[in-house]
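Peer 1: Residues 508 to 1146 in my numbering are what the sequence shown lists, from first letter to last.
Since the hints were derived computationally from the structure, they do not count as laboratory data. Please note: incorrect hints may appear among the correct ones.
The list that follows gives simulated cross-link-like pairs (lysine-lysine, PhoX-like), each with its CA atoms no further than 20 angstroms apart [to be verified]:
no. : residue 1 : residue 2
1   : LYS982    : LYS933
2   : LYS688    : LYS566
3   : LYS992    : LYS982
4   : LYS721    : LYS581
5   : LYS623    : LYS581
6   : LYS1122   : LYS1142
7   : LYS982    : LYS1097
8   : LYS1122   : LYS1145
9   : LYS1142   : LYS1097
10  : LYS1122   : LYS1139
11  : LYS922    : LYS933
12  : LYS609    : LYS581
Pairwise CB distance ranges, derived in the manner of DEER restraints [what the hints assert, rightly or not]:
no. : residue 1 : residue 2 : range
13  : GLY960    : ILE618    : 35 to 43 angstroms
14  : ASN591    : ASN620    : 48 to 56 angstroms
15  : ALA894    : GLN610    : 37 to 45 angstroms
16  : THR1025   : ASN940    : 33 to 41 angstroms
17  : SER744    : ASN620    : 55 to 63 angstroms
18  : SER996    : LEU768    : 39 to 47 angstroms
19  : HIS1001   : GLN1117   : 32 to 40 angstroms
From the three backbone atoms N, C-alpha and C, an ideal C-beta is built for every residue, glycine too.
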Amino acid sequence: MKTRIIYILLNILSFSFVFSQEGKHHTDMISKKEKKSALSKKNVQFNPNTVNYDVTYHKLELKVNPSVRNISGKVTTTYTALSNMNTITFDLVSQMVVSSVKQNNVNLSFIQNANKELVITLPTTQLAGTSASVEITYAGIPPSTGHVFFTTHNSSPIFFTLSESFGDREWWPCKQDMRDKIDSIDLYITAPSQYVAVGNGVEPAAPVISGSDKTTHFHHNYPIPAYLVSVSVTNYSTFNQTGGTAPNTYPIINYVFPEHLSLAQNNLSPVPSFLTFFESLLGVYPYSNEKYGNAEVTESGMEHPTVSFISNYNRYMMEHEMAHQWFGDKITCATWNDIWLNEGFATFMDELLIEHYDGNAAGISNRTSLINHITSQPNGAVYLTDAEALDEDRIFDGRLSYNKGAMVLNMLRLKLGETPFLLGLKNYINDPNLIYKTAGTPDFKAHMEAVYGSSLTDFFNDWIYNQGYPVYTIKAQNMGAGQVKVLVSQTQSHSSVNYFEMRLPLQFTGAGGQVYNTYVNNTVNNESFTVNVPFTITGVRFDPEKHIISRNNTATLGLGNVDFEKDQIEIYPNPVSHILTVDYVTPIDKVTMTNMVGQEVPVHFINKNQIDFSKFSPGVYLLQVHTQNSTKTLKIIKK
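Whenever a hint applies, use it, and build me the whole structure from the sequences.
Peer 2: This is the structure we're talking about:
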């Protein structure tokens, strides 16, 4: 999404290949600038008057002079009627004044109303399923709302557009609905001949000079939402690189301010290797038949397909916008509720790049920063409620949409394992039913469940749809014969989650410097585990590499085993199909059980420590075991 990052001179003068480990700082800069770029979207949804047609093609013929705040243009739109139509409506602000509308070279009547609409009366009723084209000629001074820029760099004028989320209607007549991607576009940009124009796609031919003007043609042959159509014009210097791996190579074209050419050549030098790394995980760059590039602008950053607009040469900005070519462009979030599918995923790809290029210690440092930011407040979910999806501050919340989204993906990687997770991620981003279209959170969940082989509903409910984070207390005790007992308990920062279920990393250390890393699958409170460790432990650490969203955790080693053991209860197998065994040390006073809607279920012991589950319906049950000292609740899954 649009990323307006403060132009910090230090960042562009001291680029380092080693990424600065300030995850909160970087995502805060990006998210704050994205909020600024989305001034018009609060309380704005897709226009219901535009849902009766599907846009298939746009031809934009624009004339601009970056030194004069004015745009004139002609837009030809081809569309297919989804129902019988007598009128067709486009989104367009009143400052862009339409002078004529034609169909088949015949003038049509139209009005521009107070709802920022252009309503065109068709000559006859257009039947559902039929296609037609209209040609709209217009001109005007675009509003100064942060989407269309006429400004300067080093005293040179520059014109550029940043349309996300609802700024496209401020400079061209369009259908601003992210769900309706345009099949292909042609951009013809006419400007004074001393300037270089930038747009989506490739230049099929050299620019055409006519008098003092030059017309540059870009063709983009991939589906694209209207808000990602982009244009920039200034006195750019350009230099090329090559991306991809044979036979799927493609040009990387960089458009930079002349005063920053040397800096850009240095700081953009790792771009091909970044693309290669992303391709190794996600598949071929989504626009490999055209180009990738970076175009420098005076503020912000935006992942326009085939060319990222960037306002500095900070590595984080470059890799974040690059990741959006897959997550945001190739597959776009279906609603603002699902914004984490764009921002959380791009932030997670930043994390993977850090691990790959800068090493494990750098990854731990970055994850620590993200976790500290996420847990700085006790509330907040990754997925937005409908009310939150109208609030730009919440949509672009760096703590939740970016950092928590990224860390939830990291925890999913931990839960599934590296190989299955990366396979699921690759399957998702290459799903033929989703590519160059839109996706919602359930689409991603389905791909993760397919590689996991089991339901992830509890995980998604706990970590994505509900709020907060866990606080863990870990107690460990040597039991002799190479065994360690571990007791896991948890409290929650927010009441929306009863218990965060998670695969937990533990590290045991010995007096001789031995280290043993393992995992326990924690599903209920006060759950105990027996771990085989090949030495007598002298210390225990919880989550040493910072993979779990949590805070204020404690991990202690007990000095004796009496207190530790006295209320230990173990159950197996779980999941269970027939007989559940309950092992205990302290005598059990009573056992009760409820289903997930709170109804009590009779417990039938077939001997003193075995319960017959054969007649229970498949599902989840809560077993309450009462002893003299406490009551423990254990989660049982009946297969």
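Peer 1: If a hint holds in the structure, say so; if it does not, say that too.
Peer 2: Against the structure, the hints:
1. Between LYS982 and LYS933 the alpha-carbon distance is near 38 angstroms, which puts this suggested pair outside the 20 angstroms criterion.
2. A hinted pair counts as satisfied when its Cα atoms are at most 20 angstroms apart, and LYS688 with LYS566 qualifies at roughly 14 angstroms.
3. Distance check on the hinted pair: LYS992 and LYS982 sit about 8 angstroms apart at the alpha-carbon level, within 20 angstroms; holds.
4. The hinted pair formed by LYS721 and LYS581 meets the criterion: a straight-line CA distance of about 17 angstroms does not exceed 20 angstroms.
5. Of the supplied pair hints, the one linking LYS623 and LYS581 holds, its CA atoms being roughly 18 angstroms apart against a limit of 20 angstroms.
6. Note on LYS1122 and LYS1142: the hinted pairing holds, with a Cα-Cα distance of about 18 angstroms set against a maximum of 20 angstroms.
7. For the suggested pair LYS982 and LYS1097, the alpha carbons sit about 26 angstroms apart, so the restraint of at most 20 angstroms is broken.
8. Restraint check: the Cα-Cα separation between LYS1122 and LYS1145 comes to about 10 angstroms, which is no more than 20 angstroms; the hinted pair holds.
9. The straight-line distance between the Cα atoms of LYS1142 and LYS1097 is roughly 17 angstroms, inside the 20 angstroms bound, and the hint therefore holds.
10. Note on LYS1122 and LYS1139: the hinted pairing is violated, with a Cα-Cα distance of about 24 angstroms set against a maximum of 20 angstroms.
11. Restraint check: the Cα-Cα separation between LYS922 and LYS933 comes to about 17 angstroms, which is no more than 20 angstroms; the hinted pair holds.
12. Taking the CA atoms of LYS609 and LYS581, the gap is about 11 angstroms. The hint holds against a cut of 20 angstroms.
13. In this structure, GLY960 and ILE618 break the distance hint of 35 to 43 angstroms, their C-beta atoms being roughly 57 angstroms apart.
14. For ASN591 and ASN620, the hinted distance range of 48 to 56 angstroms is not satisfied, since their beta carbons lie about 22 angstroms from each other.
15. Roughly 41 angstroms separates the CB atoms of ALA894 and GLN610, a value that falls within the hinted 37 to 45 angstroms.
16. A C-beta distance of roughly 39 angstroms is found between THR1025 and ASN940, which places it inside the suggested range of 33 to 41 angstroms.
17. Under the hint 55 to 63 angstroms, the C-beta atoms of SER744 and ASN620, about 44 angstroms apart, miss the expected range.
18. Remark: the range hint 39 to 47 angstroms for SER996 to LEU768 is contradicted by a beta-carbon distance near 59 angstroms.
19. In this structure the hint that HIS1001 and GLN1117 lie 32 to 40 angstroms apart at CB holds, the actual value being about 38 angstroms.
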